[in-house]
Every structure is written in structure tokens, then in C-alpha cells.
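Student: Listed below are the residues making up each chain.
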Amino acid sequence: MSAQKSNLEILPRGVQVTLALGLVALVAFPFTGTDYYIQMLTRMMIMAIFAMSLDLLQGVTGLVSLGHAAYFGLAGYALAFMMPQGEPASLWWTLPAAVLASGLAALVIGFFVVRTHGIYFIMVTMAFAQMVFYLFFDNRALGGSDGLYINFKPDASVAGWVPFDLDSKRTMYYFTLGAMLVVYVFLRRLLWSPFGRALAGIRVNEHRMRAMGFGTFGYKLAAFTLAGSLAGLAGYLWGTQTGYINPELMGFQMSAHAIMMVILGGMGNFAGAIVGAFAFEYLLHVFKDLPQLGSVNLGKHWQLWMGLFIVLLVTFAPRGLLGLVERFGMGKEKTGGESHHE
Amino acid sequence: MDLANFFIQLLNSVQYGLLLFMLAAGLTLIFGIMGVVNLAHGSFYMLGAYLAWSLSSLLGSLGLAIIVGALLAVAFGFALEWLLFRHFYKRDHLDQVLLTFGLIYIFEELRSIVWGDDVHGVPIPELLSASVPLTENLAYPVYRLFMSGVCIALALGLYGLISKTRLGMKIRAGAFNRDMAESLGINIKLIHAVVFALGVGLAAVAGMIAAPIASVYPNMGAQVLIMCFVVVVIGGIGSVRGALIAALLVGLVDTFGKVLLPQMAGMLIYMLMAAVLLWKPEGLFKQ
Chain A
245 MSAQKSNLEI LPRGVQVTLA LGLVALVAFP FTGTDYYIQM LTRMMIMAIF AMSLDLLQGV
305 TGLVSLGHAA YFGLAGYALA FMMPQGEPAS LWWTLPAAVL ASGLAALVIG FFVVRTHGIY
365 FIMVTMAFAQ MVFYLFFDNR ALGGSDGLYI NFKPDASVAG WVPFDLDSKR TMYYFTLGAM
425 LVVYVFLRRL LWSPFGRALA GIRVNEHRMR AMGFGTFGYK LAAFTLAGSL AGLAGYLWGT
485 QTGYINPELM GFQMSAHAIM MVILGGMGNF AGAIVGAFAF EYLLHVFKDL PQLGSVNLGK
545 HWQLWMGLFI VLLVTFAPRG LLGLVERFGM GKEKTGGESH HE
Chain B
-13 MDLANFFIQL LNSVQYGLLL FMLAAGLTLI FGIMGVVNLA HGSFYMLGAY LAWSLSSLLG
47 SLGLAIIVGA LLAVAFGFAL EWLLFRHFYK RDHLDQVLLT FGLIYIFEEL RSIVWGDDVH
107 GVPIPELLSA SVPLTENLAY PVYRLFMSGV CIALALGLYG LISKTRLGMK IRAGAFNRDM
167 AESLGINIKL IHAVVFALGV GLAAVAGMIA APIASVYPNM GAQVLIMCFV VVVIGGIGSV
227 RGALIAALLV GLVDTFGKVL LPQMAGMLIY MLMAAVLLWK PEGLFKQ
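Residue numbers (this note's numbering), protein chains in the order written: chain A, 245 to 586; chain B, -13 to 273.
Below are the SDA-like pairs computed for lysine to any residue, each with C-alpha atoms no more than 20 Å apart in a straight line:
| # | chain 1 | residue 1 | chain 2 | residue 2 |
| --- | --- | --- | --- | --- |
| 1 | B | K76 | A | V555 |
| 2 | B | K150 | B | L176 |
| 3 | B | K266 | B | L254 |
| 4 | B | K272 | A | H361 |
| 5 | B | K266 | A | R359 |
| 6 | B | K175 | B | G18 |
To list a few chain A residues with every Cβ distance to chain B over 10 Å, as calculated:
| # | residue |
| --- | --- |
| 7 | L263 |
| 8 | F273 |
| 9 | D279 |
| 10 | G538 |
These aren't lab readings, by the way, just hints derived from the structure by calculation.
From the three backbone atoms N, C-alpha and C, an ideal C-beta is built for every residue, glycine too.
All chains, full assembly: derive it from the sequences and hints.
Tutor: Structure follows, in C-alpha cells:
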């Protein structure tokens, strides 16, 4: 029912080259950039992982989740609970445990939500995410509305040997870049695996898939769980980078932002989600940083600009940047530009 | 819980359920007839509450404020439908989600610019400020009874409009088969505009009558939107009757949950929704 059009699974050569150039720029960036921009790009890459995880549902399987941020936030909270007060906990068990926690939540919630279709799916994912939101928001023991601090960065040492130290901003940057690349390659391979083909088939025509003997419930639940786990990875990295986690991160604004990122770059191919995440986060930064104009602080009203941008985008370019590329005959410019905007 | 207390909670839950129904009815009608998912529906509730606050101090009477505010909200609904929503009826749900999410940001920010970010109270009109004594030390405020009364009157009006009038017949015809209705000479675009404006009006009136007891604050639309979603999911999208029954059910579970199981109260509604999803994934009264 939704999203059959402009799913550009095979990236045109021009886009591939642009993406490769963008990657080179990302690898080289810490050698020239200041700490401020290194942290900003780290945040963008974390959001790119989050957006890719949603793209698995939204672009590949055709399930529009308006509650994806819940799984992002849960892993951050899991990290906060596992981090002792006095000393850092090990990266090697907190990371899998946090991802598992998000995956488990996605499995349980997914069990209810993937029975529904279309509009119900949108509303139900949103409602369950709000349930998780209020669970944390209303309980002082879980941090309440203020959230929780994560006092240390997870410790990467193995039996006394320290391969890298996440306290360094540059190391955190490369660790996140590595995670983003691993997730991208994993999801691209998944897309072309029998499992990924089945998910794409569900997007195009679920009834036909069921008639051909695919248990679509299981496939959708697996996709939902996997997407939730990967969102958890992003949330874990967020908690590690910022050292702070609060219920806002699970709110439906955050989920809607992720949808915007996927739309902005183009759905169903994961590269678009990365580009879209960079573009969206950059826009957010630009809008919040708008100057004071006379007595009016334009940056304070960033929601107004972002709202207008979103309304104009869906009205005039509903398939985002890659959609424009597709519409204008696989043109070579226009994409990837945002991934090295510095 | 003794009988008087139980009675008070029962009245509260019915009042809350009826208020939710006013919102959910608009949401479910707009979806059922035009196929639009509207995240900004909670913003209309907020708009109503702020209108009640500013108009009642301007006009000096809440009753007058509600009448003027309802007219303003309906006019606003017509304008919004004409400008944006009618171009999205045939679009993907995804586009509708984004459009209406963008609108939430715009409305919230405009609210902040026009009315500021403070919490405001709206005084209960003197005529309705009394309480009905139930026992020696328990009483029930007349204003809450008035709220329920308004909601019941509007619900009956809505029922009458849809099932008994010529306009209602056209609305039903348009929902049933748009092309056929159109070829019979029904101006379906006008019908859609009317339904949308009606939905906005109902949500705004709900916000206005709730303002004296719920107060007026930023982001007040968000929580009520989620509740409406739960109501619509339980009742079945497009079914006004389903919305009524689900809204009363949600009102009961929420109100009594807060009294009997306070530590779980926030979750109970969602558990109810999960149970309904297991049993009937398309809601209790799927059309």
C-alpha cells in the first residue's frame, strides 16, 4: 500500500562514487576539524545508524513505525543502569547487553504491532512507544523526567590490554564510523539475501507473499526486532557520547525525526538514510543556530522553521533527495553532497 | 472504596471518556471518510484551550468564548483543509504523517509566539461553580456535569447529523463510494471540507470546555493525541460508535486504574489496547 515507488535499491554509479568520496571525507575529517565538529559529525553518524535501522522497516518492509525512538532510548537507559557509579563497565558486555535489551523490547512490542497494517501500525507503534516513554518519565527510580547520567565511557580493555579508549573524541568518532560502516554493509547484504528479498516482497504485496507460502508475520516480526536492536546500537553510542540519557530521546518527535531522515535521503537503500541523517541533523543545527534579528531570536523558533521545511518538503518533494535523482533520470549531482558539507 | 466514592469515580470516568470521544470522533471521521491520519489533531485541542483562555478574558464570559472560539476553529479547519489537507487525501500515509507532524511543530511554535509558554488557568463560570453534595463531606462539581452534558449533546447532535439529515446522507455516501457519490452530483470536495472542519471544531470545543479543569499549557495536545489513538485503535478506525464505546472504556480503565492500581496506572490503557489487538487486530467495531 505504501512506498512501492522510488525505492532505489541499486545505487547509480554516480551516487556510488559520491558516497565513496563522502566516506573518504569522513575518514580524513578528524585530521582537520575541531573538537566541536568532530562531536557533531559523531552525532550525525549515530543518527545515521538510527535512520538505517528504521529504513529496514520503512523503506524495505513498508512498515511506517512512529515509535522507533523507544528502542533507541532503551539501550541508552540500559547502558546507564549497567554503568556502576565508581568505575567504567566493559564495552564488551554492556554493548551486546544494551542491544539485546532493545531487541527484546522490540520483539515483545513487535509481537502485538506487526499484526496490524497501514494506519493502525503507525498509531499502535506510536502508542507503545509513548507507553515506554511514560514508564521512564513517571518513575523516579528510572530517572524520571530528568533522565540519567552515564558517568563513564565504556571501557574497551581486554585482560589489561587497551585497544582503544572511547574517552578520546577522535577514537569515539572512528568507533562510530566503524559501527556505521558495519551496519551499512550488514544491511546491504541483508537486503539482497533471501530474507531481505522476502521483506521487499512484503512491502510490494503482502497478500501475494502469503499466498506463495511465506509466513509474513514471522518475517515482519524478525525485521521489527532487528530494526529495534540496531536502533539500540545507535542509542548505546548516543549514551556513550553524550553521557546523558532522558525520556525526550524516546518521544515521538525523535521517531518522526528518524522518519524524516529516511525520507530526506530516499528510502530502501540505506545509503539514503545515511545522507538523510546528515542532512537533517545539519538542518537542525542551522535552524537552532539562526541569528538574532532585531528583537526576535530566530534560532529559538527552530520548530517553526523545521515545521515549515517538513510541510514544504512533503508537499513538493515527497521522495526526498534520491527521489529527485530518480525523477530526473538518475542524474549524478544532488546526492551525497550533505555527507561532506564541511 | 465506598459507594459515594465509587459513584464519583464513575462520573469522572464517564466525563473523561466523553471528552476523549469528542476528539476521537473527529479523528476517526477524518480518517474513515478522507483516509487521512492526522497527528495534528491534538493541536486543535490545544488551540481550543488557548482560545478559551484568551477569549474568555477578552469577552468576559466562558460561554461566549466557547461559541466564538468554535466558530473560529471551524473557519480555521476550512482554511487548513483548503490550503493543505485536501491535497493529501490520496497520498501515502507516510506523507500524511510527515505533513501533520510538521504542522505540530508549526502550531506549537506559533502558540509559543502568540500566547507564550506559561501555564494558565481558566476560571469556572460562576453559574457552574457550585457542587452537588453527595454525602456530608463528598460533593461533585457542577462544572464536570456540565462538561458531560455538553459532550452528550454534541454526540447526539453528531449522531443526528450523520444518520438523519441530508448532509449526513451525503457524507455516508461519500465514505461508502466516493466516485459514485460524485457522479450523482454530490459535491464531494465540499463534503470533505465540512467533515474536516467539523472534526477541528469538535476537538477545539473539547479543549475549550476542558480548559477550566485541565488548565492550559504547552504541548497539551500530545498526550491527548496518544489517548485518541488508543481509543481509535480499540474502537476500529472509521467507526464513530466504536469510538464512543472505546472512549468510555478507556475513561473507565484510566480513572479506576489511577485509584485502584496507582503504580501501574500509566500502563493499563496500553495493556487494554494490546489485549484488543490480540483479540481483534482491526478494533472492536471495524467498519
